[in-house]
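Chemist: Sequence:
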Amino acid sequence: MQESLNKISVWCKKWKLSTSPEKSSLLNFSRKRSTIPTLLKICDKPIPEVKSLKILGIIFDPNITWKNHINYLRQKGFKYLNAIKTLSSPKIGTRSDHLLNIINATIRSIFDYGSQLFSFSSNSNRQKLEPIYNAALRLALGLPRNTPLDLLRAESMNGSINSRHNFLCQKFITKQIALKDWSPNAKVLNGHLVGSNQRLVDVRKNVREAYGSKNDKDIVNIGMSYDGSWLTRGHTLNIGVGCVIDLLTGFVIDYEVMSKRCGECEQTKFALEEDSTDFRIWYEGHQDVCSATHVGSSGAMEVNAAVKLWERSESIGFRYTTLLSDGDSKSFLELKERNVYGSETQIKKEECINHVSKRLGTALRQAVKDWRVKGVTLGGKQRGCLKEETIKKLTRYYTNAIRKNKDDVEAMKTAIYATLFHCMSTDQKPQHKKCPSASSELLSRCVRGVTQNSNEALHWMIWNRCSKENSASRSRVLIAVSSAISEFNVGTLKALKTFQDANCLATSLSSEHLAFFIDYRRTYFRKKIKSANFKVAQQKFNLAKLRRLKIEKNLGPMFKFGGF
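Note that the working numbering gives residue 522 to position 522 of the sequence shown, counting from 1, and the numbers run on in steps of one.
Heads up, some of the hints might be wrong.
In silico DSS-like cross-links for lysine-lysine, where the CA-CA straight-line distance does not exceed 30 Å [unchecked claim]: (1) Lys14 x Lys51; (2) Lys349 x Lys336; (3) Lys336 x Lys308; (4) Lys67 x Lys393; (5) Lys497 x Lys175; (6) Lys16 x Lys32; (7) Lys269 x Lys14; (8) Lys540 x Lys494; (9) Lys214 x Lys41; (10) Lys205 x Lys494; (11) Lys32 x Lys528; (12) Lys54 x Lys41; (13) Lys468 x Lys308; (14) Lys545 x Lys393; (15) Lys32 x Lys468; (16) Lys32 x Lys14.
Quick caveat, the hints were computed from the structure, so don't treat them as lab data.
Whole structure, please, built from the sequences with the hints as guidance.
Modeler: Right under this line is the structure:
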């Protein structure tokens with residue numbers, strides 16, 4: 001930067017122009033708490049460094065927290081709030097609809113300006129604007145302070161400030177995509193897909209080395225964790241994602257994005273008519289790149305994605321012989337029925353212990369409902385009844401028994417029945433006998449004691465890039481999935497460099513520092529969770545919670561709306 005300033009100084013001297021450094025300001029952006037003062041000069045005069053800088057009504061701060069700007073907006077909002085109080089008084093008697101228009105033209109417009117920048121700040125900072133806006137709406141509608149927010153927003157027909165800022169950000173991005181010069185952006189995103197796929201090839205080589213295979217032509221038998229996820233919440237879904245994660249290394253090996261609809265096909269059907277010859281000719285050329293890759297129900301997306309991933313696994317040098325799944329879909333049954341790898345290689349199923357324990361709780365609750373229909377009450381508040389608290393306790397004991405007895409089915413079975421008999425035992429009738437004989441098939445699928453937490457973490461990263469609250473095309477979801485998988489496999493910093501290198505772009509120093517900070521924070525919290533001090537603190541927290549619940553149970557309800 002100093003070199004550029006020196007060139008400007010030389011140019012000014014050449015054309016006999018004078019500069020005023022006092023009218024300039026220097027702001028050093030950094031995530032560090034303490035930074036070394038930066039000294040920059042122009043025409044041999046230092047530029048004064050400031051702690052905040054206001055440009056076009058937006059206040060920038062060194063740490064990019066936007067705290068100063070949000071506090072500035074609060075001060076302006078309070079001034080207009082006082083004006084709303086005056087206008088809403090009975091003496092003036094302004095109509096509610098007029099007050100709402102005034103609020104939208106003053107307070108909301110002030111909060112909206114520059115929201116594309118400061119909407120990415122922390123939740124604690126963004127929430128500072130909500131009370132002012134809510135107070136103004138209550139004054140306009142004449143509602144008391146204890147009015148619920150849902151009722152307030154329904155009456156005013158206005159959402160929260162945060163939801164509006166998210167909408168404005170999406171609208172701004174959509175406008176940029178809709179510009180005529182979108183082709184350079186599309187080229188960059190396509191380059192990102194190419195870079196992510198190349199990174200995925202490198203990850204597969206690392207997985208092969210972890211299993212001891214040095215020959216790229218050999219097919220390696222590995223265990224995989226598979227789970228599916230959908231774009232929008234509900235049962236009518238148009239886009240789904242299926243990913244396979246290696247159980248040994250934790251790397252994502254492959255993925256598949258399924259879609260039931262194609263935007264280009266729908267538009268062309270409307271323009272040319274589906275039964276016309278022109279549409280059939282157009283579809284023959286479009287069929288290979290059509291986004292509609294799934295025909296059938298939304299629930300079958302996870303099954304069809306699994307079939308595609310298993311069928312092409314040998315082409316990338318792997319054979320998925322072990323499947324860890326949650327049991328929510330028929331993926332394993334479909335793969336077993338299709339006999340993907342032939343009769344010589346069978347696919348073995350393993351269970352996620354979190355979902356197994358959840359199934360126990362579901363079965364116990366269903367048993368209570370079934371017997372209630374027959375006139376037998378298993379639930380209730382009396383001692384020995386199968387109430388909700390007892391079901392949760394049995395489920396927790398069941399999970400702990402599986403975790404503590406990994407690699408030993410018989411010990412696992414003994415521990416599970418021991419917890420059941422312990423809960424049934426009384427002083428008059430002790431239940432300390434040997435476990436009865438039972439099937440070990442389910443327990444043998446829990447021998448590893450592993451979970452699908454890695455799949456859930458990957459799904460969170462995917463939908464954090466492409467929100468479930470709004471619809472999206474398959475191409476957008478594909479970009480979100482490839483980006484999330486790259487960051488999941490190699491970290492934020494390497495994923496950023498892959499993206500920049502694929503598009504022949506230079507990586508800025510600030511971007512590298514921010515990506516390094518994200519990776520460091522993730523590693524730090526992972527180590528912290530595994531530390532002994534964290535486990536002791538977690539146990540103390542759980543004990544304090546149990547003591548508090550016990551005290552509340554003994555005292556009974558002390559406060560309840562309308563209960564006394």
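Chemist: None of the hints should be skipped; say for each whether it holds.
Modeler: Checked hints:
1. Lys14 x Lys51: violated, 33 Å
2. Lys349 x Lys336: Measuring from Cα to Cα gives roughly 10 Å; hence the hint holds.
3. Lys336 x Lys308: holds, 14 Å
4. Lys67 x Lys393: Roughly 44 Å between the alpha carbons, so the hint for Lys67 and Lys393 is violated.
5. Lys497 x Lys175: OK: Lys497 and Lys175 at ~27 Å, within 30 Å.
6. Lys16 x Lys32: Violated, at about 40 Å.
7. Lys269 x Lys14: Measuring from Cα to Cα gives roughly 65 Å; hence the hint is violated.
8. Lys540 x Lys494: Violated - the C-alpha atoms of Lys494 and Lys540 are around 39 Å apart, more than 30 Å.
9. Lys214 x Lys41: The given pair, whose Cα atoms are some 57 Å apart, is violated under the 30 Å limit.
10. Lys205 x Lys494: Holds, because 17 Å separates the two Cα atoms, which is no more than 30 Å.
11. Lys32 x Lys528: holds, 21 Å
12. Lys54 x Lys41: Holds: Lys54 and Lys41 sit about 21 Å apart, inside 30 Å.
13. Lys468 x Lys308: Roughly 24 Å between the alpha carbons, so the hint for Lys468 and Lys308 holds.
14. Lys545 x Lys393: holds, 15 Å
15. Lys32 x Lys468: violated, 34 Å
16. Lys32 x Lys14: Violated - the C-alpha atoms of Lys14 and Lys32 are around 39 Å apart, more than 30 Å.
The earlier numbered hints that this structure contradicts are 1, 4, 6, 7, 8, 9, 15, 16.
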